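What follows is the residue order along each chain.
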Amino acid sequence: MYRPTQAPKLPNALYQRYAPAVLAYLMRQVHSREDAEDLLLEIFLVILEKEPMLERDERFQHSYIWAIARHKVADYYRHSAKHPSISLATVEEMIYERDDREPEQVALRREEYAQLHRLMKELPEMQREVLQLRFGHGLSYEEIAQVLAKSEGAVRMILHRALKLLRGAYNRKLAERSK
Amino acid sequence: MAEQGKDRSTEAFDEQLDSSTGFFESTKHRLAEDLQRSYGTYAQANKESLRRVEQRLETRLRQTQQGEEAKALENTQKRPQRIYKIENRSARPKKTRWSRLSRFLSTIAAVLVVGAIVGSTAIVFDIKNRSASVGLADQTPISRVPCSDPSDPGEQYVCTNGLETPLNITTTTFDKREVTLFAGYADAQRILLKYMLHGPNIGAEPTMDLTMQGGIELGMGASGYILKKPLVKLANFSADKVPAGTKELQLTAHLRQVRYDGSKPAEDSVHFSLPFHAEKRVASINQTRNIGGASLILDHVTITPTQTSVYIKNDALARRGGFRQPDDIYLSVGNWNSHNKIDEVPWTSNNKTTGTTIGSILHINSPLMDQHGKWILTIQPGVVGGTGTLAGVFTFTVPVAQ
Chain A
1 MYRPTQAPKL PNALYQRYAP AVLAYLMRQV HSREDAEDLL LEIFLVILEK EPMLERDERF
61 QHSYIWAIAR HKVADYYRHS AKHPSISLAT VEEMIYERDD REPEQVALRR EEYAQLHRLM
121 KELPEMQREV LQLRFGHGLS YEEIAQVLAK SEGAVRMILH RALKLLRGAY NRKLAERSK
Chain B
1001 MAEQGKDRST EAFDEQLDSS TGFFESTKHR LAEDLQRSYG TYAQANKESL RRVEQRLETR
1061 LRQTQQGEEA KALENTQKRP QRIYKIENRS ARPKKTRWSR LSRFLSTIAA VLVVGAIVGS
1121 TAIVFDIKNR SASVGLADQT PISRVPCSDP SDPGEQYVCT NGLETPLNIT TTTFDKREVT
1181 LFAGYADAQR ILLKYMLHGP NIGAEPTMDL TMQGGIELGM GASGYILKKP LVKLANFSAD
1241 KVPAGTKELQ LTAHLRQVRY DGSKPAEDSV HFSLPFHAEK RVASINQTRN IGGASLILDH
1301 VTITPTQTSV YIKNDALARR GGFRQPDDIY LSVGNWNSHN KIDEVPWTSN NKTTGTTIGS
1361 ILHINSPLMD QHGKWILTIQ PGVVGGTGTL AGVFTFTVPV AQ
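Chains as they are written, first to last, in our numbering: chain A, 1 to 179; chain B, 1001 to 1402.
There may be inaccurate statements among the hints.
To be verified - Within a straight-line C-alpha distance of at most 27 Å, the following computed DSSO-like cross-link-like pairs (lysine-lysine) qualify:
hint : chain 1 : residue 1 : chain 2 : residue 2
1    : B       : Lys1313   : A       : Lys72
2    : B       : Lys1280   : B       : Lys1313
3    : A       : Lys164    : A       : Lys150
4    : B       : Lys1241   : B       : Lys1313
5    : B       : Lys1047   : A       : Lys72
6    : B       : Lys1280   : B       : Lys1241
7    : A       : Lys121    : B       : Lys1047
8    : A       : Lys72     : B       : Lys1247
9    : B       : Lys1247   : B       : Lys1280
10   : A       : Lys150    : B       : Lys1047
11   : A       : Lys121    : A       : Lys150
12   : B       : Lys1241   : B       : Lys1341
13   : B       : Lys1313   : A       : Lys150
14   : A       : Lys72     : A       : Lys164
15   : B       : Lys1313   : B       : Lys1341
16   : B       : Lys1176   : B       : Lys1280
17   : B       : Lys1341   : B       : Lys1280
18   : B       : Lys1374   : B       : Lys1341
19   : B       : Lys1341   : A       : Lys72
20   : B       : Lys1374   : B       : Lys1313
21   : A       : Lys164    : A       : Lys121
It should be emphasised that the hints constitute simulated quantities derived from the structure, not laboratory data.
Remember, predicted model here, so these are calculated numbers, not experimental data.
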């Protein structure tokens, strides 16, 4: 007798916990949102295939998910080398990404952003990257550390320095206005 | 996610913006607001991406589920459908007159159909014979073991040269399925196990964890398909944890079948032994090259019958998570080269996923034990994200097996 079974369960907690950081890592590696999304899907399909993994401790899950992500990126480059192609959609996406990542479009819309935009452009690359991961991806220090392969302390320091620089510049501007 | 992101941003400013500078309280808020607005579009796009992937994931899961349900439903409906067809056919009015042409064409069609049936029957019988020779659980010794596809030449080498150990060990029935381990091989880098699944396709496949004598866990096998019908798989384990001096592996394979309905997973274990082929060729190299502005150290190379591993040390490489384009790394010896055959994994300080990453290991699953002469490893600058066109070249020799 045919009996419908229960709907499959998506491990939402696992997805919400790891997907933002893994997406940030993928976008940093493949530079195309479309490809990053495809890879993210593939990674979580692999995780679902290995369901016993979901019952393992958090440390194991963490290592496992990041190992899969790194392998998928390696596979991506291997495949790209064998089948070099770039779609129009990807080109559009890359342009879009570039505009978004360095928040030029938004910044230039208003005069008050122009100053911030200039300051951010002057920041060292690593500081800009940390700002982006923090505010653009909403990642925690721990997750940023994983994406950049740095210690959590180093990430805190980088962000602290970036914000200090920006704040200093804002202070100067305010002081000028108050004169 | 939106709330989470908001909380994190707030946390960032609470921690990072120095509130002791009370005079600049308005600066703090202005900077916070501007930064959040600046990244607003990008953050929104990321949330959209995450939502899209989540939806695709759910759709994929639903499709898998529906596929299984449709099959089950189809099985229950097959018989009535067939009866219906037969009934319809008998009810169809007979034709009273056939033209000569249509009769002639029908005769040709009939001849072709008979030919096709005879041919396909022969093919079906041949396939059945082949399947049987692979060895089902209830059938006697496996006479023919299929080798995997050419994407794993190391496995092919040990298979075609008869270096694998026949096993023919079958689990008890768990979750309406049985698993037969029918061949295995172990060298100083890889442990390979081939197994066949019998029973209904239930969507999920069992995973396999391996433990050796002394309770040493060899981890969960990464598996790939050798055949899909019958379902034959290859589980691949790292032999890094096998202690030096081991001659034979006393192994326990723990199989676990997770159920989609959330009920308790089905499990079973089988015990068996495999000879351990400990011989390996190791070259301690420790050469440094400056490639694209990065200083890379070729530390050492290990060769076993199923795999060659190249260990490259570099802090920056480790921080970035590996090479940018591993395909732009070439290893060659004699007439052989590694074109598109390199897999890269992180090299950690303690050879475990929990260790600190110190570089990359390049795995090449080709049988290179018999390759002698000058080995050349070429790394293009783009691989390390550097500029320029000057590739780094390491030249070395590898001693004979220990």
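Now for the hints, and whether the structure bears them out:
1. B:Lys1313 x A:Lys72: holds (21 Å)
2. B:Lys1280 x B:Lys1313: holds (21 Å)
3. A:Lys164 x A:Lys150: Within the cut-off at roughly 20 Å; holds.
4. B:Lys1241 x B:Lys1313: Holds, at about 21 Å.
5. B:Lys1047 x A:Lys72: Cα-Cα ~21 Å, so holds.
6. B:Lys1280 x B:Lys1241: holds (15 Å)
7. A:Lys121 x B:Lys1047: Holds. A:Lys121 to B:Lys1047 sits at ~24 Å (cutoff 27 Å).
8. A:Lys72 x B:Lys1247: violated (35 Å)
9. B:Lys1247 x B:Lys1280: Since the Cα atoms of B:Lys1247 and B:Lys1280 sit roughly 14 Å apart, the hinted pair holds (cutoff 27 Å).
10. A:Lys150 x B:Lys1047: Given pair A:Lys150, B:Lys1047 holds - Cα atoms ~24 Å apart, limit 27 Å.
11. A:Lys121 x A:Lys150: holds (22 Å)
12. B:Lys1241 x B:Lys1341: holds (25 Å)
13. B:Lys1313 x A:Lys150: holds (17 Å)
14. A:Lys72 x A:Lys164: violated (37 Å)
15. B:Lys1313 x B:Lys1341: holds (20 Å)
16. B:Lys1176 x B:Lys1280: With a Cα-Cα distance of about 42 Å, the restraint between B:Lys1176 and B:Lys1280 is violated, given a limit of 27 Å.
17. B:Lys1341 x B:Lys1280: Measuring from Cα to Cα gives roughly 20 Å; hence the hint holds.
18. B:Lys1374 x B:Lys1341: Holds - the C-alpha atoms of B:Lys1341 and B:Lys1374 are around 19 Å apart, at most 27 Å.
19. B:Lys1341 x A:Lys72: Holds. B:Lys1341 to A:Lys72 sits at ~15 Å (cutoff 27 Å).
20. B:Lys1374 x B:Lys1313: Since the Cα atoms of B:Lys1374 and B:Lys1313 sit roughly 21 Å apart, the hinted pair holds (cutoff 27 Å).
21. A:Lys164 x A:Lys121: holds (15 Å)
Taken one by one, the earlier hints fail for this structure at numbers 8, 14, 16, listed in ascending order.
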